[in-house]
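A.B. asks: Sequence:
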Amino acid sequence: MKPLSSLITLIALSFCLSASASDLAKEQRWADSIEATLMDGEIIMLNDGKSEFLGIMTEAVEDLHRAAIIMHGTGVHPDWKQVISPLRIDLTDHNWHTLSIQMPVLKNGAEYPEYAPLYEEVAPRINAAIKQLKEDGIKKIVLIGHSQGSAMATYYLSKNKADIMGFVGIGMPDLADDIRMKPSESLKKVKVPVLDLYASDDLKSVLDNSEKRMAAGEKAGNERYSQLVIKNAGHFFEGKEDELIRWVSDWMGRLK
327 MKPLSSLITL
337 IALSFCLSAS
347 ASDLAKEQRW
357 ADSIEATLMD
367 GEIIMLNDGK
377 SEFLGIMTEA
387 VEDLHRAAII
397 MHGTGVHPDW
407 KQVISPLRID
417 LTDHNWHTLS
427 IQMPVLKNGA
437 EYPEYAPLYE
447 EVAPRINAAI
457 KQLKEDGIKK
467 IVLIGHSQGS
477 AMATYYLSKN
487 KADIMGFVGI
497 GMPDLADDIR
507 MKPSESLKKV
517 KVPVLDLYAS
527 DDLKSVLDNS
537 EKRMAAGEKA
547 GNERYSQLVI
557 KNAGHFFEGK
567 EDELIRWVSD
577 WMGRLK
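For the sequence shown, my numbering gives the first residue as 327, with consecutive numbering after it.
Hints are computed from structural coordinates only; laboratory data are not their basis.
In this text, a Cβ means the ideal position worked out from N, Cα and C, and glycines have one as well.
Misleading hints may appear alongside valid ones.
Now the in silico label distances, taken between C-beta atoms and shown as ranges [what the hints assert, rightly or not]: (1) N434 x G560: 20 to 26 angstroms; (2) N434 x D389: 18 to 24 angstroms; (3) A362 x R580: 34 to 40 angstroms; (4) R550 x N453: 19 to 25 angstroms; (5) K352 x N373: 14 to 20 angstroms.
The task is simple: from the sequences and hints, build the whole structure.
C.D. replies: Below is the structure:
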């Protein structure tokens, strides 16, 4: 029989591991909800090496062998009506396939710092999405992230050499003291073209760090880093979706 102290240690370790992993039950609830209501696109299941996760593939009007991987913000899903669904669907009119993927999530009410350990789960998911697109014959891939999705994508790019053309970070916030959750730090190591797009009435954590993100792009020596502000818009670009899509598609269309 194990000593009581050892059992307590095992229980504590088990709790820590579960607390730092995505809430797969919540992911499944999101997947079931999306499957019941999805009007545009096709549900596909991807595998990050440990578990399956949801993706929504939406085909472009014309197949130019290019696609955008879309990453949502805190605690939501790949068809979220604000920002994510408009990007997922409307970019196809500009001849971009889209693959919107489920990012790691926590229970409702989780604080931002609690998400830090989940950043280690991001790379396997993005890599699985890239692999799927490559197998489908896609030659040009762009990453798009909104809010915490953009922070996760920036951290990924700072640590991985991915076969992508560029990255669009929409409303990039510094979320917590943990360096993984600070795009203003991660951007110092990102070399691919970056569009740092945010709203004039964005979150304080986005606006207050815009100069730091610009300085980070300069420190990286990234001559293809640029910032764009959409006026009279908020963090979720409500009422400004068409303008958001236009700027994003125009920038991606100029990538070589």
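A.B. asks: Confirm or reject each hint.
C.D. replies: A quick look at each hint next to the structure:
1. N434 x G560: 20 to 26 angstroms: Check passed, 22 angstroms falls within 20 to 26 angstroms.
2. N434 x D389: 18 to 24 angstroms: For D389 against N434, whose Cβ atoms are near 39 angstroms apart, the range 18 to 24 angstroms is violated.
3. A362 x R580: 34 to 40 angstroms: 38 angstroms, holds
4. R550 x N453: 19 to 25 angstroms: 23 angstroms, holds
5. K352 x N373: 14 to 20 angstroms: 18 angstroms, holds
Violated hint: 2 only; the structure is consistent with all others.
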